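Protein chains: 2
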Amino acid sequence: MGQSGGPTAVINQSLAGVVEGLQTGLVASGKVKKIFGMRHGVRGIAKDGGDLVDLSHLPAATIEAVAQTPSAALGSTRDKPDDAYCAQILEGCRQNEIRYFFYIGGNDSADTCRIVSEKAAEAGYEMRCFHVPKTIDNDLKENDHTPGFASAARFVTLAHMGDALDNASLGGIKINVVMGRNAGFLTAAASLARRARETDKDAAKRPAPHLVYVPEVPFVMDHFLHDVDSVYTKLGRCQVAVSEGIRDANGEEIGPQLMRSGEVDAHGNVQLSGSGALGDGLADAVKKALTPAGGKAPRVRADTFGYLQRCWPVTSPVDAREARGVGRHAAALAAEGDTGASITIERTSNVPGEYRSAFGRAELSAVARYARHMPEDFSDNGNNISASFYDYCMPLVGDLPEFGTL
Amino acid sequence: MGQSGGPTAVINQSLAGVVEGLQTGLVASGKVKKIFGMRHGVRGIAKDGGDLVDLSHLPAATIEAVAQTPSAALGSTRDKPDDAYCAQILEGCRQNEIRYFFYIGGNDSADTCRIVSEKAAEAGYEMRCFHVPKTIDNDLKENDHTPGFASAARFVTLAHMGDALDNASLGGIKINVVMGRNAGFLTAAASLARRARETDKDAAKRPAPHLVYVPEVPFVMDHFLHDVDSVYTKLGRCQVAVSEGIRDANGEEIGPQLMRSGEVDAHGNVQLSGSGALGDGLADAVKKALTPAGGKAPRVRADTFGYLQRCWPVTSPVDAREARGVGRHAAALAAEGDTGASITIERTSNVPGEYRSAFGRAELSAVARYARHMPEDFSDNGNNISASFYDYCMPLVGDLPEFGTL
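In order, the protein sequence lines correspond to chains P and W.
Under the working numbering, the letters of the first sequence match residues 26 to 431, in that order.
Under the working numbering, the letters of the second sequence match residues 26 to 431, in that order.
A hint or two may mislead.
Stated by the list, open to error - Pairwise CB distance ranges, derived in the manner of DEER restraints:
id: 1; chain 1: W; residue 1: N207; chain 2: P; residue 2: A391; range: 27 to 35 Å
id: 2; chain 1: P; residue 1: T49; chain 2: W; residue 2: P243; range: 52 to 60 Å
id: 3; chain 1: W; residue 1: K313; chain 2: P; residue 2: G319; range: 50 to 58 Å
id: 4; chain 1: P; residue 1: D76; chain 2: W; residue 2: E277; range: 44 to 52 Å
id: 5; chain 1: P; residue 1: K56; chain 2: W; residue 2: D247; range: 56 to 64 Å
Derived from the structure by calculation, the hints contain no laboratory data.
Source: prediction; values computed, not measured.
Glycine included, C-beta positions come from ideal geometry on N, C-alpha and C.
Work out the full structure, taking the sequences as your base and the hints as a guide.
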C-alpha cells in the first residue's frame with residue numbers, strides 16, 4: 026500500500042483502515058503473508074531499488090497513533106506514473122510476490138491502479154488493485170464527497186468564523202485565498218461560517234463572508250471590485266473568500282494575469298501555488314479601485330491559508346471515521362474476491378442530526394483522471410454559495426463553536 | 026471599558042472578567058450605577074458624539090458566550106491618543122459621569138490610561154484608570170507573559186506540528202512566516218512543535234522546525250541560505266520559522282530589502298504586514314541559491330500565517346483563564362480603592378504539571394509605551410530557540426496532540 030499526492034489530515038486513517046482490514050481479512054485467512062508499505066508512494070516500489078516497510082505486525086496502539094496523525098506517514102509523491110513507470114511498479118510487485126495493491130490518493134492514483142491492473146492482466150500476473158479515495162479538493166467522480174475534504178473544510182470554516190470577527194473589530198476589506206485550482210468545494214466551505222442556511226441577495230445583508238468566488242464561476246474583475254465596494258460602502262467592512270484557481274470567462278487564471286498586468290504591485294514569480302501572489306494582487310487591485318482621488322486608502326488585507334488547510338492536526342470526526350472506513354472497505358472487498366475497484370462514499374441520509382454514509386465501489390476507469398466540479402446549484406448569483414451547499418457540507422464538518430455578541 | 030489594538034482569541038475573556046468583577050464589586054456595593062462599553066475603543070467616547078453600549082445588565086449566559094468568542098466584541102481601534110485626544114476622552118467621561126476607566130490592550134493602551142489619569146488629576150476630576158493587558162506579541166514590561174499570547178502560540182505550535190509532517194511527506198524546503206514585528210516570542214513557539222526540550226547544535230539533527238529566526242537576532246542572508254542548504258542537503262527537507270520582523274545587523278527589516286533588491290521576484294508593495302511578501306521573497310532567494318547550475322530547482326514553499334494566528338476560535342485553556350482573571354483583578358483593585366494601575370501576570374510555579382500564576386499591579390507609567398523583547402537566553406546559535414524558552418512556553422499552550430510514526 027502507499028499514499029500519493031497532497032497529504033490530508035486523515036490520509037493515515039485510511040492507511041490504518043487498510044492495515045486493520047487486511048489483518049482481520051486476508052492475513053487472518055492466510056491468503057496474505059505480509060503487508061508492505063511503499064515509502065513515498067509508488068517510488069517505494071519502482072525507483073532506486075524500492076523502499077518498502079514491513080507493516081505486517083503493527084500493534085493496534087501504533088495503528089491508532091498513526092491514524093490520529095496528519096499527513097502521509099509513509100511519505101508521499103507527486104509522480105504520475107505513465108505506462109513505463111507502471112511496468113516498473115508491476116516488476117517490483119512480482120519481485121516481492123505482491124498480489125494486492127492499495128493506493129490512497131486522488132484521480133491520478135486511481136489511474137495508476139488502472140494502468141497497473143491492465144499491465145498485470147496483459148502479463149498474466151494475478152494482481153488486484155484498489156484505489157482508496159483521498160483529496161481535500163473533493164473532486165473525485167462517483168463520490169458524494171472524499172476523505173480529507175471535510176477536515177480541510179472544517180479548517181476553512183473555523184478560520185472564516187474567527188477572521189470575520191477580526192474584520193468586524195477593526196473594519197476594512199479582508200480577502201482570504203483558499204486552496205482549489207479547479208474545484209470550489211473547499212472555498213465554498215467558507216460560507217458555513219455564516220451559520221445560516223439562507224442568505225440575502227444583497228451581499229451587505231449576508232453574514233460574513235459577504236462574497237465567495239470559486240473557479241467554476243467566471244471571475245470578472247470589474248464585478249468583483251463593484252461587489253467589494255458595495256459591501257464596504259454599506260458596512261465599513263467586507264470579508265471575501267476566493268479560490269486560488271479563480272479564472273476569467275476564457276478559462277485563464279486570474280493570479281498570473283494580475284502578475285503580468287503590472288497594474289498592481291504583485292509578485293513576478295510564476296509559482297502561484299504556495300505563494301501569496303493572488304491574495305496580495307487582489308488586495309492591491311481593491312486598494313487602488315477604492316481609494317478616492319486625494320483620499321485615504323481603505324484598510325485592505327489578504328491571507329493565503331496555504332498548507333495549514335490540509336495538515337491541521339484537529340480533524341472533522343465524520344471525516345476521520347469515513348477515511349478509516351474506506352480503507353477497511355478496500356481490504357474487505359479484496360477479501361471478498363473483488364478483482365479491483367475504487368472505493369466510493371455515498372450519502373444515505375442527510376436528515377439533520379442523522380447524517381449517514383455508506384461505502385461502495387466503482388470501476389477504476391470511472392474515477393481515474395477525470396475531476397469533478399461543483400454542481401451548478403451550489404453557486405449563487407456569481408459571488409455567493411447556495412443553501413443547497415450548506416445542506417451538503419454542514420453535516421461533514423462537525424460541531425462548530427457558538428459565538429456571543431454585545 | 027474598551028478594547029484596543031489587534032484583537033486576540035481571548036480579549037473578550039478580559040471584557041467578561043471586568044464586567045463580572047464590577048457586578049460583584051463596585052456595582053454590588055452601590056458605588057457604580059452603570060457599566061458602559063466603548064465601541065471601537067476610545068473612539069466610542071471621544072469621537073463623533075461617542076458610541077457607548079450599556080453593559081450594566083448583561084445576563085451571565087451572555088457574558089459567558091461573549092467570553093468564548095474570539096476578537097473584540099466591542100470593536101477595536103488603532104488610534105493612539107495624544108494629549109488632545111485624551112482631553113476629549115476625559116470630556117466624554119465627565120459628560121457621562123464616568124469615574125472608572127478600564128482599557129484592554131497593549132502598551133499604547135496603558136499609555137492612554139496614563140495620560141487620561143494625568144489629565145483628570147490636573148482638572149481635579151476624580152477618575153481611576155486601569156490597564157488590562159492584552160497582546161499576542163507578549164511584549165509588555167512587568168509581565169511574565171500577556172493574555173492573548175498563549176492562544177496564538179498554541180496556533181503556531183499546532184500549525185508547525187502538522188506542517189512538519191506535510192514537509193516530511195513530500196520533501197523540500199518550507200518557510201513559515203509568523204507575526205511579530207519586534208518581539209520573537211510567537212515565532213519561538215514554533216519550536217514547541219518539536220516536543221523536545223533539548224535540541225542538537227546541528228540543525229539537521231533537530232526535530233522540525235529545523236531553523237527559527239526572530240527579530241532579536243540579526244538576520245544574515247548568507248548564513249540563512251547556508252543553514253537551509255545544510256539541512257536540505259542532509260535530509261531532503263527543511264522546515265523554517267521566521268518572524269515577519271526579522272532585520273539585519275543595522276536594524277533594517279529584511280522584507281523591504283528583498284522587495285527593493287530586485288534579485289528576487291517579490292512584491293513591490295510597501296505594505297508588508299498582511300501580505301505574503303517576506304515569505305515569497307525568502308522562498309525565491311532559497312530557490313535561486315540552491316538550484317545547481319543547469320539543475321533542477323528544489324521544491325520551496327512559503328506560508329504566511331497571517332490573521333488566523335490571533336483569531337483562531339480554539340484557545341489555550343491557561344490563556345482563557347488568565348485573560349478572564351486579569352479583567353476580574355482590575356475590577357477588584359478598583360473596588361479596593363486602587364487609584365489606577367496596569368494589571369500584571371506573575372508566574373508563581375513552573376514545576377511541570379503544576380504551573381501557577383498570580384495577578385498583580387504595576388504603575389501605568391512602567392508599562393506604557395515601552396516594549397519588551399525576548400530574553401537573550403531564549404535564543405540559541407543564531408538560528409534556534411533554547412530549552413529555557415521551551416520550559417517557559419510549554420505550560421502556557423495547553424495539551425498538544427501525540428503523533429505516531431511508522
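Beta-carbon spacing of P/T49 to W/P243 - inside the hinted bounds 52 to 60 Å or not:
With Cβ atoms ~58 Å apart, the hint holds.
Verify the CB-CB distance for P/D76 and W/E277 against the hinted window 44 to 52 Å.
holds, 46 Å
Hint check for W/D247 and P/K56 - Cβ pair distance inside 56 to 64 Å:
holds, 59 Å
Quick check on a hinted range of 27 to 35 Å for W/N207 and P/A391, using CB atoms only.
violated, 57 Å
I want to verify a distance hint. Is the separation of the beta carbons of W/K313 and P/G319 within 50 to 58 Å?
violated, 40 Å
The structure does not agree with the numbered hints 1 and 3 stated previously, though it agrees with the rest.
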